[in-house]
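Enquirer: So the protein lines, in turn, are chains A and B. Its first residue numbered 1, the first sequence is counted upward by one per residue in UniProt numbering. Its first residue numbered 1, the second sequence is counted upward by one per residue in UniProt numbering.
Hints in this document: simulated from the structure, not taken from any laboratory. Among the hints, a few may not be true.
Note that identical chains are pooled: a pair holds if it fits in a single copy or bridges any two copies.
Straight-line Cα separation of at most 30 angstroms, DSS-like style, residue types lysine-lysine; simulated pairs [what the hints assert, rightly or not]: (1) Lys615 with Lys184; (2) Lys266 with Lys318; (3) Lys437 with Lys114; (4) Lys266 with Lys337; (5) Lys114 with Lys453; (6) Lys460 with Lys615.
Given the structure is predicted, the values throughout are model-derived calculations rather than measurements.
Protein chains: 2
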Amino acid sequence: MAISSLLFTPHLPLFTTKPFLYHKTRSNRTSISVQSELRSANPSHTSTSHVSRPDHKLSWRDELQQVFHQPDKDSTTGGIDLEDIDEESFQRLIDKRCVDNVRMLIVDAVQNAKAGHPGMALGLAEVGYCLYRHVLRYNPRNPTWFNRDRFVLSAGHGCLLQYVCLHLAGFDSVQLEDLRRLCKLGSRTPGHPENTVTDGIEVTTGPLGQGVPNAVGLALAEAHLAARFNKPDCTIVDHRTYCIMGDGCAMEGISHEAASLAAHWKLHKLTLIYDDNHNTIDGPTTLAFSEDISTRFKALGWNTITVDNTQGDISSFKDAISAAINETGKPTFIRVKTLIGRLSEKEGTSKAHHGTFDEADVRKMREKVKWNNREPFNVIPMVYREMQIQANHGETLEREWHSKLDYFRNKYPKEAAEFEVLLNGGLPTDWESCLPKWSASDPVDATRGYSEKCVNQLVKALPGLIGGSADLASSNKVYLHGYQDFSQPESPWGRNIRYGVREHAMAGISNGIALHKSGLIPFAATFLIFSDYMKNSMRLSALSHAGVLYILTHDSIGLGEDGPTHQPVEQLAGLRAVPRLLVFRPADGNETAGAYRVAIKSRDVPSVISLSRQKVAANVEGTLATEVEQGGYIVSDNSGKSLPELILIGTGSELCLCEGSANVLRKEGWKVRVVSLVCWQLFDRQPAEYKEHVLPSGVTKRVSVEAGSPMGWREYVGGEGVVIGVDTFGASGAYLDTFKKFGFTEENVVKVAKSLLHQ
Amino acid sequence: MAISSLLFTPHLPLFTTKPFLYHKTRSNRTSISVQSELRSANPSHTSTSHVSRPDHKLSWRDELQQVFHQPDKDSTTGGIDLEDIDEESFQRLIDKRCVDNVRMLIVDAVQNAKAGHPGMALGLAEVGYCLYRHVLRYNPRNPTWFNRDRFVLSAGHGCLLQYVCLHLAGFDSVQLEDLRRLCKLGSRTPGHPENTVTDGIEVTTGPLGQGVPNAVGLALAEAHLAARFNKPDCTIVDHRTYCIMGDGCAMEGISHEAASLAAHWKLHKLTLIYDDNHNTIDGPTTLAFSEDISTRFKALGWNTITVDNTQGDISSFKDAISAAINETGKPTFIRVKTLIGRLSEKEGTSKAHHGTFDEADVRKMREKVKWNNREPFNVIPMVYREMQIQANHGETLEREWHSKLDYFRNKYPKEAAEFEVLLNGGLPTDWESCLPKWSASDPVDATRGYSEKCVNQLVKALPGLIGGSADLASSNKVYLHGYQDFSQPESPWGRNIRYGVREHAMAGISNGIALHKSGLIPFAATFLIFSDYMKNSMRLSALSHAGVLYILTHDSIGLGEDGPTHQPVEQLAGLRAVPRLLVFRPADGNETAGAYRVAIKSRDVPSVISLSRQKVAANVEGTLATEVEQGGYIVSDNSGKSLPELILIGTGSELCLCEGSANVLRKEGWKVRVVSLVCWQLFDRQPAEYKEHVLPSGVTKRVSVEAGSPMGWREYVGGEGVVIGVDTFGASGAYLDTFKKFGFTEENVVKVAKSLLHQ
C-alpha cells in the first residue's frame, strides 16, 4: 500500500493498516478470513480492556455480512463483491462503513439531546474518522501521554464529531452513555468541548477562531522542546499538531494573526484543516466571504492543498495529510470541501448548522446508509475493533517512547533531569528563592522595572519559562536577556517569543503552550489597555485552566502622554470579574516578586500582573512578597492595639500615595491603617477572620485609592467609605499632571480622608 | 499636466495645481512671477481669514529666494535653476520644500514636548503632505462639511503628521500654539488623535488596527447614502475615504477582518495606504512579519499598488492615488515604502519610533534641509499659501455642493426631506411613537424577541437605522425584514449588513458609520459573550462619541446548552465599567422598547442592549418604557406609605423572578419592593433624592438577582445585602437546569430573602 510506506519518523509508520487481517492470494486479491488471534495482537488491550464496550457476540464473518449487507451491495459497497476485492478497496469499504456509523451516532445524539450542532459534524465525518483511525497518534488508555499528536477542533460547535471519535477510539471519557447525555447538565459531553471536563480534548473551544492560535501554541511548544531536548540518537519530542477550523474561524481576525505567525515561525508540523462547507449560521458564506483563502494562506507563507471531495472516500484527504507531513519548511493548510449536514435533507445549507432533524429526515438518512434496523446509538463491533487498531498502535508508540526516555535518561542525565522537571509541571525545588528582594532604601523604579528583574531571575530557575510581548518587549520590560528569540530554523530553543502586534493571537498561543502540559510556563505581555484585544482568550485561559502569566504594563492614567486611547481605566474591573483569573496589582519590588511567586505556583490558573509605567514613589516599608498570597494585608498602622480611625486601601502605584497620605494624617494625630489589596480574588477567599482582621467591620471610615474604575471597590470600603477612582477615559498629559487632575495626590487623599474623619 | 486631467467626478478636478501662479512661456517654461491677486481668488478666505497665521511680511519673490536658498541650489532644488524650469518641476520643488517644513515642525514639536512619536510622521511626511495638498477634499473653515473626503490615520501614534497638516491647511483647531502644546494636559494635540478634541480628526485612533474598520465604515456609509440619494442629474453624496495604516495595523486581526469585508463589499472609493517602513517598536518587522502582504490583499479582492519610493518626490504616490480613483470595482491598497524617522540618524530603525532626538541629530536634520537659521516652529509663508490652494478648492467644492443640494431640494423634495433628517442627526419628529407597547396579558417572549419587534418598527421610522450581526442575525433577531442586504453593486441601499463572523471589525465599522455623522444609526449584534472580541472597539465608541447600538443577546447562563464558552458571566460587569457606555438589561417588552428609546436618543453615546435567549416569565406588571430613562425604578411595592422590609433588585430575565419571589413573600405578610435596575449608569446620574426614593437608605435588607458576575452589585445592595449572582463560568445544560443549579429559582430567592428578613 503506497500510503503505508510513508514514514513519519524512521521508526513510526504513519498510517496503520491491517497487515494481519487478510490472506493475500497470488493474484493480489484478498479473500476475507478472520484471524482473530492476530486482531488481538496486543492481548492486554483489546476489547477486554478497561474501556467498557458492548459485548461482541457476532462472529467476525457474521459481522462483516451484517456490516456490508451483501444483498444490498450496490448501496453499501458500491457494487463491489466482497469476495473479489483487493486490500485497499476493502479498507476503503471498511472506512466508509465506519464513517456511516459515525454519522448515525451524530444524528442519534442530536435527536436524543434535542440540541447540538450536527451540520459540521456530519460534513466532516470522513475527516474526523480518518484522523482518529489513520492519522493521529494517541493512546486512549493514557490520554495525556506526552508525545501524542495534538488535535484541536477550533470549530468547537462540531464537538459531537470529536465525542463520537473519542468514544469509538476507546477513550474512557466518552461512553455511549455520555453521547446520550450530550448537552445535559453535568455531562462529560457539554455543548462545546472543554478540556477540563473530557479527557482527550486538548483545549476548550467554541468561541470561533481561538483553536487556531491554540494549535499554533501547541506546535510551537513541540518545536521548542524538540530543539532543546532531541539528540541525534534520541528523538524524545516528536509529534504533530492538527487543527480543524470552519468558515467562522477563517473569518475571525485571531485566526489570521495566528496563521501569520505560524508561517513566520515555519511550524511545519502544524496542519490546519479548513472545513470549506460554504455555510455559516446566517446562510451561504457568499453573504460575507469572498476571499481566495488558499492564496491568502500562501501569501502568509503556508503550504496549501485543496481536497475537492471527501464524500465516501478518504483517500485524497489521506494523500493531503501525507503531503503535509512531507513538507518540512512550512505549516500546511488543507482546504477540504465538504457538505454541511451531509445525508440530511438540509445537506449543503445553513439550516443544518444546529438543531435537530425532523423524523422523516432521520428515517431517510438511515435508509441511505442501510441503518434501518438498528437502534439509536448502535455501533457495529467492527468499528470499535477498527478504531482499536489505531489505539493499539498508539499504545505501542507510547511504549517505544518510554524506552527512548530510559535511553535518554541514561545517556543524557542532565538534559533528562531538566526534561523531567518540565514533565512534572515545570517547578524545580526551591525555584522561589531566585526571586529578588528589595528593601525600603533601594532605589525606586516602575513596577515594570521590578518585574523585569523578577522575570530575568525566573528564567534561570524555571526551565519552562517562555514568552514575549506583542511588540512592546522594551516597554513591557519582559525581554529575557541572554536568551534567544524563538525562531525556526535558526533558534527554536529561544525563549523569547516575538508576537508582533497581535495581542489576541498571543493570548491564544499562550493558551496552547500552557495546555501542551509539558511544564512550559508561558507569559504574554502588552499594555494593560490592550487586554481588551485578547479578552476572550484570557477568559479561555481561566476556563481551560491554562496557567498563562499576563504581564500588563502601563496600568493606569499614570502612563501619561499617550492619552485616553492608551490609558486603562475599566480594564482592571473587567479582568477582576473574570472567574478563576488572578489579578495582581503590586505596589513595589517586593509585591511584584510576591505576585510572580503566586502566579508561577498557580499552574492551572492564569494571572494578570498589572504594572506601572511610571516610577512608584518608594519601596514601601511594610510590603512583603509572602503576604501577596493573602491578596490583602496590613502594610502599616499606628493604632497599636486599638482599632484605627481610618483605613486607606491602595493597590499598585497608589499604595505609596496611601502610605504618604497616612503619614500626613498620623502626624496630625490620627490613627490610620494602610492596607494593600494587591489581589482581590485571593483576599476574597481568605477565612472570614482574616478578612475581619485586615478590614475590621468596626472601622467604617475607609478610602480606597486606585487610578482605575471605581467598579467593585464598594465591597471593600463599605457603605460609608469613599472610592477615589477614575470614571472617565483619562487625559493626555505628563503623568504628574494627569494624576493631579484626577485627584491622585497626597493633598486630595488627605482632604477626602479628613472629610470622612470629621463626619 | 497629465495628472490634473484626471477627473474624480465630471465636475471636480482631483489634483488642484496652481493655474494662476505662473506665466507659461511659449517654450512651455515657467518664469516665476507673483500674481498675488490671483492667489487671493477667494478674498474672504485667504490669509486674512479667521484662522490666525503669522504675518506674511515678505514679498513672494523674496520668500521664494529664501525658500530655495538659490546659492545652495544643489541641496534645496536638486541643482535646478529656478529661472529655467517647467511647471511640473517647479511644483515638485515647492512640494519638496513644503515637505521639509512639515518634517521640521514634527521635529520641533517632539523636541518641545519631550514626548510623541516622530518616526512614522517623518517617514510619511510626503504622503501626509500630498494628501492634504493635492488629494483630500475638505474645507478647513467647515471641517464637518458633509461631502468632504474622510481621512483616517489608523496608525494614530503618527498624529503629529496630521496635526501639522491640519495646521498648515488652515484648520482653526491646530494653531502653532497647539503644536507647541503637544501631549500637554488639556491641549488640542493629545498623544493620539481624538475626534472629540480636534476638529479635522474624523475618528479617534491609537489602538492599532482600529482605523481600518473605521475607514471601511466611513466608506460604507458613503456608498450606502450615495445609492439612496444620488440621482442621474444630481450627485449629492460623493466623496472618498483614505486611511493610512502601519505595520502594526497590518498585523492586527481587526484590520484583516475589515479588509476582507471591504473587498467583499467592493468599496472602491476606499483607499488604504500602507506605510511599509519595515519597523515596529521592537525592531525590524522581520522579527515577526514575513507575509507577502500585497498578495494577501489581492487574495481578499483588493486592487494593489506598490510605491517604491516617496522620498523627495510625491509623483509616484500621486500616480497611485490616480489609479485608485480609476478603479471602480475594488478598494485599493497602496503599499508605500518609506523610511521611518526620515532625516534623523535613527532613520530606518525602530529607535525612531518614539521619543526625542539628541540635539546633534536635530542640528544635522536642520542642516540637511537648510533650516539652520530658522526658529523652532517656523513656517515658510509660502507653505501656508500652498496649502491654502487646496483649502480654497475645498471651499469652492462645498459651495458647489450647496448649490446641488438646493437643486436636489427643488427637484426631489421627498428624498431631500429624508436626506435632511439624516443631516440633522437622523431623528425625525415623533419617531418614538413607533415603538411597540406590551401589556401584562400579552404572550411572553424572550427579550431578543421583543427587540426584534422594536428594531423592525424603528427601521420604518428612522431613515438612518442600518446594521447587522456577526453571523447571528437569526439568533440575535436583528434582521430588518423587508429591507435588503447592503451589497455592491447589487443593493448598496440595503440596510442589513452581513458582517460574517467578524465581531471586532463589526464594532469598528459601526464606529466608522456613526462617525460619518450623516444621521446613520448603526447597530451591531452578536452574543453578549462575544463582546469580548470587540471590547476595544466598544471602548472607542464611548471615547469617540459614536452612538452605536450594540444588541447583545444570549445574555446569561440562561442560554443553556451551549455551555461555559458561550455563557456570559463577567461581561455585563466589564461593560458597565466602561465610561460613557450605557448598558441596558431590559426585563420584558416595555423595558426593551424603553431601552431602545434612550439608546436611539443618545446619539453621541453608545449603548449595549443585553437580551435573553430564553423566554422571560412574564410581561411584568409595573414595568414602563419611560422609566428606563431613570435607569432604575420601583416596579412593585406592597408597603404602602411605610418603608418596605425588603427590596429585591433585578435586571433582565431575573426581574420576573424577583417579582414572583416578592409575591410569595407578600403572601406571607412581608412588605417587599421590587426594583428594576435596568441601566446602572443612568440610575447613578439621577439626583440623590430620586435614588433615595427608589433605594431608601433605611432599608438595608436588599437582595440583587442577576445571572451574572456579582461585581459591582454591592453599590446597590449595601453592606448588609445579599448578591445572587454567578461567579463561575456556568455550565452546559438545559436552561432551567442551569438556572436551578446557580440559584435562580423562586425557591432560592425566597430562601435568601427570608434569611435576611429573619436576621
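Enquirer: Next step is simple, just say for each hint if it's right about the structure.
Expert: Structure-based check of each hint:
1. When the C-alpha separation of Lys615 and Lys184 is checked against a cutoff of 30 angstroms, the pair qualifies only between copies, where the shortest distance is 20 angstroms, while the shortest distance within a copy is 52 angstroms.
2. When the C-alpha separation of Lys266 and Lys318 is checked against a cutoff of 30 angstroms, the pair qualifies only within one copy, where the shortest distance is 22 angstroms, while the shortest distance between copies is 38 angstroms.
3. In this assembly of identical chains, Lys437 and Lys114 lie within 30 angstroms of each other by CA distance neither inside one copy nor across copies; the values are 59 angstroms within and 33 angstroms between.
4. In this assembly of identical chains, the alpha carbons of Lys266 and Lys337 lie at most 30 angstroms apart whether taken from the same copy (25 angstroms) or from different copies (26 angstroms).
5. Taking the closest pair of Cα atoms, Lys114 and Lys453 come within 30 angstroms of each other only across two copies (27 angstroms); inside a single copy the shortest separation is 55 angstroms, beyond that limit.
6. Proximity of Lys460 to Lys615 under the C-alpha cut-off of 30 angstroms is restricted to the intra-copy arrangement: shortest distance 26 angstroms within a copy versus 56 angstroms between copies.
Hint compliance for this structure: hint 3 alone is broken.
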